[in-house]
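Engineer: So you can see what is in the structure, the chains are spelled out below.
2 protein chains.
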Amino acid sequence: MSEEIKNEEIVEEVEATEEVVETPEKSELDLANERAEEFENKYLRAHAEMQNIQRRANEERQTIQRYRSQDLAKKILPSLDNLERALQVEGLTEDVKKGLEMVQESLIQALKEEGVEEVATDVFDPNLHMAIQTVPATDDCPAEHIAQVFQKGYKLHERLLRPAMVVVSE
Amino acid sequence: MSEEIKNEEIVEEVEATEEVVETPEKSELDLANERAEEFENKYLRAHAEMQNIQRRANEERQTIQRYRSQDLAKKILPSLDNLERALQVEGLTEDVKKGLEMVQESLIQALKEEGVEEVATDVFDPNLHMAIQTVPATDDCPAEHIAQVFQKGYKLHERLLRPAMVVVSE
Numbered sequence: 001m002s003e004e005i006k007n008e009e010i011v012e013e014v015e016a017t018e019e020v021v022e023t024p025e026k027s028e029l030d031l032a033n034e035r036a037e038e039f040e041n042k043y044l045r046a047h048a049e050m051q052n053i054q055r056r057a058n059e060e061r062q063t064i065q066r067y068r069s070q071d072l073a074k075k076i077l078p079s080l081d082n083l084e085r086a087l088q089v090e091g092l093t094e095d096v097k098k099g100l101e102m103v104q105e106s107l108i109q110a111l112k113e114e115g116v117e118e119v120a121t122d123v124f125d126p127n128l129h130m131a132i133q134t135v136p137a138t139d140d141c142p143a144e145h146i147a148q149v150f151q152k153g154y155k156l157h158e159r160l161l162r163p164a165m166v167v168v169s170e
Numbered sequence: 001m002s003e004e005i006k007n008e009e010i011v012e013e014v015e016a017t018e019e020v021v022e023t024p025e026k027s028e029l030d031l032a033n034e035r036a037e038e039f040e041n042k043y044l045r046a047h048a049e050m051q052n053i054q055r056r057a058n059e060e061r062q063t064i065q066r067y068r069s070q071d072l073a074k075k076i077l078p079s080l081d082n083l084e085r086a087l088q089v090e091g092l093t094e095d096v097k098k099g100l101e102m103v104q105e106s107l108i109q110a111l112k113e114e115g116v117e118e119v120a121t122d123v124f125d126p127n128l129h130m131a132i133q134t135v136p137a138t139d140d141c142p143a144e145h146i147a148q149v150f151q152k153g154y155k156l157h158e159r160l161l162r163p164a165m166v167v168v169s170e
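If you read the protein sequences in the order shown, they are chains A and B.
Taking the UniProt record's numbering, the leading residue of the first sequence gets 1, the next gets one more, and so forth.
Taking the UniProt record's numbering, the leading residue of the second sequence gets 1, the next gets one more, and so forth.
Watch out, some of these pointers could steer you wrong.
Identical copies look the same in the list; a pair holds intra-copy or inter-copy alike.
Keeping only pairs whose Cα atoms sit at most 27 Å apart, straight-line, the calculated BS3-like set for lysine-lysine is [unchecked claim]: (1) K152 / K75; (2) K42 / K74; (3) K98 / K42; (4) K74 / K152; (5) K75 / K112; (6) K42 / K112; (7) K97 / K42; (8) K42 / K152; (9) K42 / K75.
Derived by calculation from the structure, the hints in this document are not laboratory data.
Isolated chain A (complex conformation) (with noise of 0.2 Å):
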């Protein structure tokens, strides 16, 4: 933008300098200098105009790379879900469950490794959590609090990938 204005000022000062010049050849050297001077800004403006494509392709290519896995993992998040319900299953015998807890660990591993954690629980917060439910306050739990998380809340770096669905204390 400011590389923009710059560029204008510049070509105002070739114009004020341009208007000075007055010869007998008036309209033929008009012509030329005239010529010259819609190429040059013409000149001026693409390159400026090519710097910013430059720097907005720059910064969408950085955008894309930094969430690049949000649609994958969006999609994983469901299959940890099942992990979790299924360790909570009743009498799994004890390599049952490793394997379990394995493939959970391998699983939250990829995705920490890609940028994506569990949203915290402690005090509630609108933009990361949805209230499904709210109980009276306890000293354990204060007002404002969150008592208990009934599905875990992800996101991708800053971006939200889903809220965690809570019971609030008020």
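Mind docking chain B on chain A? Use the hints.
Structural biologist: This is chain B only, laid out in the frame that chain A set:
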């Protein structure tokens, strides 16, 4: 930075032109024409370059989008292996088995939606398969065919995420 330098150059060029104003009309006109031509060339080059930058940025964006799930998908494959192994454990209760299969299916589905699919394992292809053992060919499994799969391979669109580890008949 380079922009400022370039602008300064332009200003200097303009000044240089002004200094010659006292020479006969012809050279002044020539200079103006030269300047016009120069900026026309510069403009045309900048314009062409702008289009190239835009085209390259688009291509790059499409590639990044197409393979955006590559890193996370690669990291999820070991979880799929673990799930498969867990499902082969003897004496699983029906509940546990169903739970594991649900997790497995949801993971495979999530990967599929992002373009990840199992590598076919029929005829041996060194681009898709890693032969870790060979066995004599049989009627059921002629030479250069895959007799057994030790670990599944996966690809993202046409890009291989990891080869299948196989036993080849020969």
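Engineer: Evaluate each hint against the coordinates.
Structural biologist: How the hints compare with the structure:
1. Both within a single protomer and between protomers do K152 and K75 lie at most 27 Å apart by alpha-carbon distance, with minima of 14 Å and 21 Å respectively.
2. Within a single copy, K42 and K74 get their C-alpha atoms no closer than 47 Å, and across copies no closer than 48 Å, so neither meets the 27 Å cut-off.
3. Taking the shortest Cα distances, K98 and K42 never come within 27 Å of each other, neither inside one copy (68 Å) nor across copies (68 Å).
4. For a Cα distance limit of 27 Å, the shortest separation of K74 from K152 qualifies both inside one copy, at 12 Å, and across copies, at 24 Å.
5. Taking identical chains as interchangeable, the C-alpha atoms of K75 and K112 lie at most 27 Å apart whether they share a chain (15 Å) or sit on different chains (10 Å).
6. Within a single copy, K42 and K112 get their C-alpha atoms no closer than 49 Å, and across copies no closer than 49 Å, so neither meets the 27 Å cut-off.
7. Within a single copy, K97 and K42 get their C-alpha atoms no closer than 70 Å, and across copies no closer than 69 Å, so neither meets the 27 Å cut-off.
8. Taking identical chains as interchangeable, the C-alpha atoms of K42 and K152 are never at most 27 Å apart, the minima being 56 Å within one chain and 58 Å between chains.
9. When the C-alpha separation of K42 and K75 is checked against a cutoff of 27 Å, the pair qualifies neither within a copy, at 49 Å, nor between copies, at 50 Å.
Figure legend: structure checked against the earlier numbered hints; hints not met, in rising order: 2, 3, 6, 7, 8, 9.
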